[in-house]
Amino acid sequence: MSMARILALARRIIRQVLRDKRTLALIFIVPLVVMTLLYLVLTGTSNVPTLALVRPTGAGSDRVNTILDSLLPGQDKLKTINIAASQVDTKLKNGNASAAIVFPPDFMQQILAGQRPAVRIVLEGSDPTVATAMSGTANALVHQLGIALAIAQAQQGKGGQTPPVLTTTLPFSVDVPQYLYGGPQYTFNDSIAPVFIGIFSFFFVFLLTSVAFLRERSQGTVERVMVSPLTRPELVMGYIFGFTLFALVQSLLILLFVVFALRVHYSGNLALVFLVTALLTVGSVNLGIFLSSFAQNEFQIVQFIPLVFGIQVFLSGIFWPVAQLPAALQPISYLLPLTYANNALRGVMLKGNSFGDIAGQLIALLVFALVMVFLSALSMRRQIA
Amino acid sequence: MAEQSEEQAQIQTEHEPVVVIEHLVKQFGKLRAVDDLSMTIQSGETFGLIGPNGSGKTTLIRLLVGLVRPTSGVIRVLHERVPHSRVLAQMGYMTQLSALYTDLTARENLQFFCSIYGLRGKAQELPIQEILARVDLADRANDVVNKFSGGMKQRLSLACALVHHPRLVFLDEPTVGVDPELRRSFWDYFAQLNTEGVTIIVSTHHLDEAARCSRLALMRFGKLLAQDTPQALLQQSGKDNMEDAFLQFASQQEVPA
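Chains A and B supply the protein sequences, listed in that same order. The first sequence begins at 1 in the working numbering and counts up by one. The second sequence begins at 1001 in the working numbering and counts up by one.
Worth flagging that the hints you see were computed from the coordinates, not collected in a lab. Any given hint might turn out to be false.
[As the list claims (entries may be wrong)] Straight-line Cα separation of at most 25 Å, BS3-like style, residue types lysine-lysine; simulated pairs:
1. A:Lys79 to A:Lys93
2. B:Lys1030 to A:Lys21
3. B:Lys1223 to B:Lys1239
4. B:Lys1223 to B:Lys1030
5. A:Lys21 to B:Lys1122
These numbers come from a predicted model, not from an experiment.
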């Protein structure tokens, strides 16, 4: 194998891509635009939900309301509005609130009389994610209120003659939540940014290589090159070198953009991010060469996108962790290179994982890359002879 | 003195067989694209493969350059069985399509082909300069190929096949879509390469070009109709032009069912 010939091929590919301004825009600008849009969508959208309260009004209700107010987390985390029982349906349907807690007016009287008053929680429910979150919030609030009332009654019982005074604070404190990774300022963006570095390098490199190789085949240059001292392994290596360069520059650009322009939080080793991207890219280049042998034209390459890309977006843990997927789908996830890349990239960027921590993922990516190199070399034999 | 010894070397290699084919067969499914061909091509000659479309010329060339494996029979190129890396380095190949990187300039295409044949850096400059002048593209060297006309692409394609100074050149229909003036200049160039000791194997379906070859193989349905010098073939057939001669030979062939 001659390094000089491999580099000659890589240099030619680099020249071709550099000359094609639209392709350059596709590799370097589109990912940044998409990341920016994603960032704006995810952070610009108000995610402070509103809870409507139908407060008790009968005798003794002031104290219940005081406790309730002390339990509310604050308007920056949960907006609250006070409404009448008759307004619940309209307020929720109009989108003024996502959930309502409805106390009976005589809530306190019922408790003092030893009855169990019924507190209703009403959810708007059209967005399951919001509904689940609000259900949790409302339930937690009601239960905390219950605990506070129970403690107050117990203290009252101990005191004997003391008049029924309810304390307005909980008799214990809860610390600010402690984060093992990240912190309260971490957003969904922070956890999605690492995987997008992987997706973009995988996807654009796949697209670039498969179309470039298809073109090489249809314009007859691959045949021309095979009638030269350039061997098949050198051809594969040249392609890997040429396209990996762009993938690495691309992932570096995305990384810098995400960290410095979008100010996504990031901890960890840049070199490891590069290693993961490089392995993923080698696999992607060769998958491109391999699949291009099954396509007669560019349109047929486009038809591979749902197959190659769609499945990975859903099953590789980008939006839903693999462990939460239906058991039947999980084995498929573990066949996908992006599953391992996502784990590794999240591990490095969010948790500051070391080389040893992600060794398993790196091995999986290496295996994927080697299998793809083998398949592309095979397909090249098929395409030429 | 030096010139003399060069001439002597040429004379010595004059009758060296460069390509030897024995009972070559290539079967694609039911189609027998090349059917029991035997021929020997000598160094320094221009050997023409003449025949209509589908007569097996391209398949034969693809067999000779090692892109296709024979079904049976023997091919030896420069004394080696193809494909052989040492032999590949001494061969030039021009495909029927002009196989060029259309988003690169003419010079960049030539640089790429030079470097895969081991010519690097400064060593590329002179051969590239020379070949560009010979195919009359020196003033368009830095233009991107997709702006080129068909004839210019064809000329550049020929340049790419020759830039590394091969001993043996395979040209698959190099003059398709080329205007008469340019065709003549191609053939003048081939004659000049012959005097430099370069062997050329060229396929064409322009029968008027056949007269400019040293020897010809007339092909039809994958079979060899006749093989000799143009003059001898005319004599054998008793005709005065190659077209009539070809038809004369073809009429003697049994048409496969």
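Results of checking the hints against the structure:
1. A:Lys79 to A:Lys93: holds (17 Å)
2. B:Lys1030 to A:Lys21: violated (47 Å)
3. B:Lys1223 to B:Lys1239: Holds. Lys1223 (chain B) to Lys1239 (chain B) sits at ~21 Å (cutoff 25 Å).
4. B:Lys1223 to B:Lys1030: holds (15 Å)
5. A:Lys21 to B:Lys1122: Given that 25 Å is the threshold and the Cα spacing comes to 29 Å, the pair is violated.
The structure shown violates the earlier hints numbered 2 and 5.
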